[in-house]
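Whenever a hint applies, use it, and build me the whole structure from the sequences.
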Amino acid sequence: MFIIKYKAFFIGLSIALVIASGALMNVYGIKRGVDFTGGSVIDITYEKSVPTLSSDTFAKSDITLYKTGDNTYRFVSGKTYEEISPIISSIGNDGGNYPFQFTQVSTVGATLGAEMTKKAIIALVVVVLAILSFIAFSFRAVSHPVPSWKYGIIAMVTLLHDIIVPTGVYVILSHKYGAEVDTLFVIALLTIIGISISDKIVVFDRIRENLKLSKGSFDEIVGKSLKQTFTRSINTSVTVVLALVALYVFGPATTKYFTLTLMIGMVVGTYSSIFVASPLLTIWNSKKS
Amino acid sequence: MQDYSYNDSIRLLFNLFEAIAMKYRVQAIWVIFAVLAIGYFLVKGGKDFVLGLDLAGGSALTYKIETSSLPAGTDVTESVNALRDVVERRVNLFGVREPTVTTSYSRLSKEWRLIVELPGVTDVVAAEKMIGETPVLDFRVPKNTVSDSGTSTLSLITDYTLTPLTGRYLDKATLEFNQTTNRPSIGLTFNAEGSKLFAQITKANIGKQVAIFLDGAPISAPTVNEEITGGKAVITGTFTIDEARTLVGRLNSGALPLPVTLSGTNVVGPTLGTSAVDAGIKASIIGFLLVVLFMIVWYRLPGFMASLALVAYSAFMLTLFKLIPVTLTSAGIAGFIISVGLAVDANVLTFERMKEEIRNGKGLIDAVEAGFSRAWTSIRDSHIAAIIVSIILFWMGTSVVKGFAFTFFLGAVVSLISAQLITRVFMRAIANKSTSRLMKFLFSSGFNLK
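Protein chains in written order, with this note's numbering: chain A, 825 to 1113; chain B, 19 to 468.
Simulated from the structure, these hints should not be mistaken for lab results. Since the structure is predicted, the reported quantities are computational estimates derived from the model, not experimental observations. By construction, the Cβ of each residue, glycine as well, lies at the ideal position given by its N, Cα and C atoms. Some hints could be false.
Claimed, not checked - Here are the simulated DSBU-like pairs of lysine-lysine, each with C-alpha atoms no more than 35 angstroms apart in a straight line:
#	chain 1	residue 1	chain 2	residue 2
1	B	LYS340	A	LYS903
2	B	LYS226	A	LYS1080
3	A	LYS855	B	LYS420
4	A	LYS943	B	LYS82
5	A	LYS903	B	LYS147
6	B	LYS128	A	LYS943
7	B	LYS65	A	LYS1036
8	B	LYS300	A	LYS891
9	A	LYS891	B	LYS82
10	B	LYS147	A	LYS942
11	B	LYS65	A	LYS1080
12	A	LYS943	B	LYS147
13	B	LYS250	A	LYS855
14	A	LYS1080	B	LYS147
15	A	LYS855	B	LYS380
16	B	LYS380	A	LYS884
17	A	LYS942	B	LYS420
18	B	LYS147	A	LYS884
19	A	LYS891	B	LYS147
20	B	LYS380	A	LYS1048
21	B	LYS380	A	LYS1080
22	A	LYS1080	B	LYS62
23	A	LYS942	B	LYS340
24	A	LYS1080	B	LYS82
25	B	LYS82	A	LYS942
26	B	LYS380	A	LYS829
27	A	LYS891	B	LYS420
28	A	LYS974	B	LYS420
Claimed, not checked - Pair ranges (Cβ atoms, derived):
#	chain 1	residue 1	chain 2	residue 2	range
29	A	TYR852	B	LYS161	37 to 47 angstroms
30	A	THR888	B	GLU84	26 to 36 angstroms
31	B	TRP413	A	PHE961	11 to 21 angstroms
32	A	GLU1044	B	THR120	56 to 66 angstroms
Have a look at this one:
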């Protein structure tokens, strides 16, 4: 199987992607949204003509300005709605010349934000631990030649890869378009974990089956299993991505970044299931023997 | 763990199913009828989908409840519930359609919260006023350190100390007029418990000033001449008639038994909500069609059958949304769309297995059975993983996360059933002993990866 043969290339590509994402996070930083830090997000829509707002004017009042559409702007600030709405109204309206409406207002208090951060971290850790134990449990019968917990560890490592790469892309989005690391983003990451873990389970499940039924070296069996699950992995990924593309193109504006993150996670997750997880398994096995 | 064995419960369900109709094609027709009936209910059944605030437009306000002001030993839950009732009454006064007022305790931050959801109210300032400006009424007595000369007028706030008597013991408030000065005053009538407390307080403070505080500020501090047992008090302040009238209205709707501070708001304009619903429906339909198209192009006849199963799956899910009812949000719809992906995956797994069996020389009927039984462990495990994630998400949940987690969870469970029962019935109905080229074409798929 070509995947096992050229595993160095495929794994290398993943490592490069992870490093690039890490570098992006380092350079731009992860911008935590008001969901986590506390503060306000205000979306406005201009009814008739749209003025060109300068971000410097708002920066003085600690308000960050983003142009989110032809006639829409977004204001993000660590302050409360009461503090910033008069500023937005007076500058944005420019003496009644440019009437607009507040289309969405969301404010989060500092305590609420801190709690959300804690919750998000706990959720990520609990999900990861639960999945790890589930795989170790589910594969407990197959301990030869690779012990079941190694499947779990490899799934974990590739999962990390599956969430680091979309986060790297998200950092670019957040730098350019003001996308924030909010609750929806955390849901997206957790969903990626959920979907891509099932991807890995399907491949591992096939290896588990072939180890019982077929003869051959471990590498050959892994290669055979990959070949058998290859079409399924790609097809499932294609169907989910098709649904997500529809959601991205036609869906509500509020879930656009969410959908995009999921899409990237889906592609990356499928890639790592096929090209990274199983090759890693063979490397770990050969190191041992 | 026995490989390829079915989960006992699935087998039981399936046996039950088999008992109802003997032949696979009859079963398939039964399923189609059932789906049509569900579809009819979906369209004609009087119930509407319950839309979340982000789709319907409206405001959600989160308050921190200050329970620290409660005297030690008070039942906090009871006070918090009393607060919820008062806010509910208050919100109802303003004629908001189907508001929800809930309280919750956060273990992480160790505080009580009040969450008010007001569909249709998109003016955040108005919404805040509706709840936040409810007066907090309490009675205070002079601290022991203050001389009880009775000569001082309204003293400093710090000179007074709280008594257990608060607005929650108020039975009603009325607008009255002083007979000599003709100025408006407010008559208070306490309930039985409040009357008892008021009697105790007045008895213990004869000759002293008992202050009435509104929203933490003293508005009146009459000197007590004797014990008052009738449970009535009068607030004489410098009110205008309008002020007095609003105050009476607000006191009657219930004074807040506990102070609250706003800790979060979320307001979605009506136009944004409507466009989100339209966009969500459009996206769901187009996404569904794309998936169906792909399934039919790649998997041909089985793909078509799986698409029928998907229609059944979606109809079933939407019916559950109406019946439970599930409050639909953008995140919830996203969870549903992803669960469709999960349902498709279950079919893809089965079909790929079937294809392999056919390639290995099995007849159609055997290949169908083997495809289902051999794909089972993968389907089971991947669904369990999805269910684990959704349960953790729900348990962690803020409302946005819960909305997503719940539809995702429902989707995973329904998908497990639909992939094992509905698709199987359809597949069995079309599988036959024919070895014609047409059947072979219809059952093969895509390109063969050699």
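Consistency of the hints with the structure:
1. LYS340(B) - LYS903(A): violated, 39 angstroms
2. LYS226(B) - LYS1080(A): Roughly 66 angstroms separates the two Cα atoms, so the pair is violated.
3. LYS855(A) - LYS420(B): The given pair, whose Cα atoms are some 24 angstroms apart, holds under the 35 angstroms limit.
4. LYS943(A) - LYS82(B): Between LYS943(A) and LYS82(B) the Cα gap is close to 18 angstroms, so the pair holds against 35 angstroms.
5. LYS903(A) - LYS147(B): holds, 20 angstroms
6. LYS128(B) - LYS943(A): Holds, because 14 angstroms separates the two Cα atoms, which is no more than 35 angstroms.
7. LYS65(B) - LYS1036(A): Judged against 35 angstroms, a Cα distance of about 52 angstroms means the pair is violated.
8. LYS300(B) - LYS891(A): holds, 25 angstroms
9. LYS891(A) - LYS82(B): OK: LYS891(A) and LYS82(B) at ~33 angstroms, within 35 angstroms.
10. LYS147(B) - LYS942(A): Answer holds: LYS147(B) to LYS942(A) is near 31 angstroms, not above 35 angstroms.
11. LYS65(B) - LYS1080(A): holds, 30 angstroms
12. LYS943(A) - LYS147(B): holds, 31 angstroms
13. LYS250(B) - LYS855(A): violated, 58 angstroms
14. LYS1080(A) - LYS147(B): holds, 33 angstroms
15. LYS855(A) - LYS380(B): Measuring from Cα to Cα gives roughly 56 angstroms; hence the hint is violated.
16. LYS380(B) - LYS884(A): With Cα atoms ~74 angstroms apart, LYS380(B) and LYS884(A) exceed 35 angstroms; violated.
17. LYS942(A) - LYS420(B): Roughly 16 angstroms between the alpha carbons, so the hint for LYS942(A) and LYS420(B) holds.
18. LYS147(B) - LYS884(A): It holds: about 30 angstroms lies between the C-alpha atoms, which stays within 35 angstroms.
19. LYS891(A) - LYS147(B): Holds: LYS891(A) and LYS147(B) sit about 31 angstroms apart, inside 35 angstroms.
20. LYS380(B) - LYS1048(A): With a Cα-Cα distance of about 20 angstroms, the restraint between LYS380(B) and LYS1048(A) holds, given a limit of 35 angstroms.
21. LYS380(B) - LYS1080(A): violated, 46 angstroms
22. LYS1080(A) - LYS62(B): Roughly 32 angstroms between the alpha carbons, so the hint for LYS1080(A) and LYS62(B) holds.
23. LYS942(A) - LYS340(B): holds, 33 angstroms
24. LYS1080(A) - LYS82(B): holds, 31 angstroms
25. LYS82(B) - LYS942(A): holds, 18 angstroms
26. LYS380(B) - LYS829(A): holds, 32 angstroms
27. LYS891(A) - LYS420(B): holds, 30 angstroms
28. LYS974(A) - LYS420(B): holds, 33 angstroms
29. TYR852(A) - LYS161(B): 37 to 47 angstroms: Since TYR852(A) and LYS161(B) have Cβ atoms about 57 angstroms apart, the given range 37 to 47 angstroms is violated.
30. THR888(A) - GLU84(B): 26 to 36 angstroms: The hinted range 26 to 36 angstroms holds for THR888(A) and GLU84(B), with Cβ atoms some 32 angstroms apart.
31. TRP413(B) - PHE961(A): 11 to 21 angstroms: holds, 20 angstroms
32. GLU1044(A) - THR120(B): 56 to 66 angstroms: holds, 59 angstroms
Taken one by one, the earlier hints fail for this structure at numbers 1, 2, 7, 13, 15, 16, 21 and 29, listed in ascending order.
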